[in-house]
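A.B. asks: Chains as they are written, first to last, in this note's numbering: chain A, 22 to 304; chain B, 29 to 395.
Everything labelled a hint here was simulated from the structure, so no lab data went into it. Small disclaimer: the values here were computed from a predicted structure and weren't measured. Check before you lean on any hint, since a few could be wrong.
If we take Cβ atoms under 10 Å as the criterion, some of the chain B residues that face chain A in the derived model are [stated by the list, open to error]:
1) Leu201
2) Met214
3) Glu387
4) Lys391
We put the beta carbon where it would ideally sit given N, CA and C, even for glycine.
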Amino acid sequence: MKASQLFSPKEWQLALPLAFFLHLFYVAPLAILLASSFQQAPGVAGVSLAQYGNFFGDAVNRDVLVDTFILGVQVTLACLIFGYPVAYIYARAVGIWKTILTFLILLPLLTSAVVRTFGWVVILGKQGLVNSALLGLGVLQEPVKLLFTHHGVAIAMTQIQLPLMILPIVASISQIDSRLLAASASLGGGAWRTFWKVVFPLTLPGVISGCLLVFALTVSSFVTPSIIGGGQIMYMPTLIYQQAVVLLNGPFAAAISAILLVMVLTVVIGLSVLSQRSRAYIR
Amino acid sequence: MSTYIQIVGRGQYLSRRAVLGAGLFAGTSLLLKACAGSSTSQSSPVGKQLVITTFAGSWEQFYRSELIPAFTANDQGTVSVIPMVSLEQVAKLKASPQSPPFDVVLLDEGPFDAAPKDLFQPVSSSLLSNYEQVLPALKSKQGWGPTTGVQAVGIAYNPKTVSSPPTSWNDLLDPHYRGRVSMQGMKTTQGTSVMVQFARMNGGGEANIESAFTLLREQLKPNLAGIAANSGALATLFQQGEIDLAPHDLNNVISLKEKGLDIDWVVPQEGGIALRPAQQIVANAANPELAAAFLNAALSQEVQTAMAAAPYYFLPANQTVKLSGILAEKLGSTTEEALTKLILLDWSLINPNRTKWIERFDKEVQA
């Protein structure tokens, strides 16, 4: 008892080392970034909204913002549609199958994004796997252009982000009390009814955190969009890189970063509100 | 009853946590202290160590397998290599000019010309015993480091699909190759060079690129399969049969060809473009003499001979080195002869407008 008084049980103190670290290396740089986005030009003093005006004043930039958002939504939905059944199967799997599935789900995380992206270049090309297969089966007469298109980027990103959707859903499915399913069945609920009325609502927190992860990482990813999209399709991270590193226009790059941050935060807050409602529903 | 157990349980849980937390915190602060201590003791052996940059790919390979072993063989010091593109190197130097992160950098002429010159220090030719052997056209009039090796940009093509080899830059515009052409964007030295070359062929030049943008909009863009992010991406596109034609470096094309790819390279009749990356000593470098010794090693006949051979194929700056093999077949027996087939662009005219052009190019090519 004495010992516990000595190290008074204030849990927040446990987070101090991390808080210190984050303030030094994350919060402070972020504050500097936000401050510099209000500069009129590099090195000019005073507060101005000129950079934001420049961004929204140009149709190309607005398109980049919209495209990035659409990409995020598409990839998130695709990951959800492909990932949920896999997570469901995984949660029901037993024995060796569980090990095999774990390996398969985590496989994409074991190679670097650069390597996987070059793999996708090979698959999506005009003479790549997808086109050869579709042409061979007679589905297509002409190869479709996937490389250097928005769709190509969305396809590759979906594969790359899929584990981040599956893992949180797996966590919430495996928390479901199996007696609930038995109860539903004994009350006459069929498989589909049980799924939609019991299982799916109970896994909503997992679904939402998966969506959060996938959306935030998709709209901020750099390597895959720049290689699969080529220079002809730009997203916010490529625009930031171009302004910050190539054109050395720090304040404008900072403004674009701030706009991207606001977009991600809006989605995060929106989904968090949903998540709280879904938790309330579960209780 | 159950509440009571919970309280006791919680109390124990917390005390264990508290001890653990305190321990972690102490550990972290010790670690921080240790880090702070070691950084001061590190400054003494810096004298014998060089931190240098190079470009990823062939250049890095050349540095690691030829240049650095040749330099360290004389027991002059140790070298650590950081691969990085020119613009990023300049950005890093600008961020901390007083204590620069590198001693020697390798920069394309464009970014070097555009960079503030107080980031670098001129190299005294008395420290470079091999300076005499450098081809005069590749020396800097202002006393900066001379060109290390020349890269020739011409047209790469797929001999399987392109029956008669291209002869002119205009072949990239031929409607026959609709959707079968690629190039790098203007943020790369190669992309900017090609656009300036198109301007030169159509009444413009280094200072006036308008005609090249007209060409891009009307003839080049319909032919483009896509803009390649870098030369690695360009290689993949050729490998996948995705494109037939693209402006590319001779050295990259040869190494792809030797790996069995269907690819070949020609100097267009209007002239290829010479890219002249050069090593520079960074201002406030810890040991300028050692840095100069490194530049000297790079210019030595031995290292330059290796640079002009497999698998690198850069045109040597040292005029005592003779060209052989594919390099000689494509460009002549010496670098001097090769330069007669290549165009040297004036980057001091390009740079004032380059950022505007990069932005404009990226907007114009948006799908």
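A.B. asks: Taking the closest Cβ pair, is Glu387/B under 10 Å from chain A?
C.D. replies: Hint holds; Glu387/B Cβ to chain A Cβ min 7 Å, cut 10 Å.
A.B. asks: Hint validation: Met214/B versus chain A, beta carbon distance must be below 10 Å. Holds or violated?
C.D. replies: 9 Å, holds
A.B. asks: Could you check if Leu201/B really has its C-beta closer than 10 Å to a C-beta on chain A?
C.D. replies: 18 Å, violated
A.B. asks: Closer than 10 Å between Cβ atoms is the bar; does Lys391/B clear it against chain A? Give me holds or violated.
C.D. replies: Nearest chain A Cβ about 5 Å off; hint holds.
Hint 1 from the list above is the single one not met by this structure.
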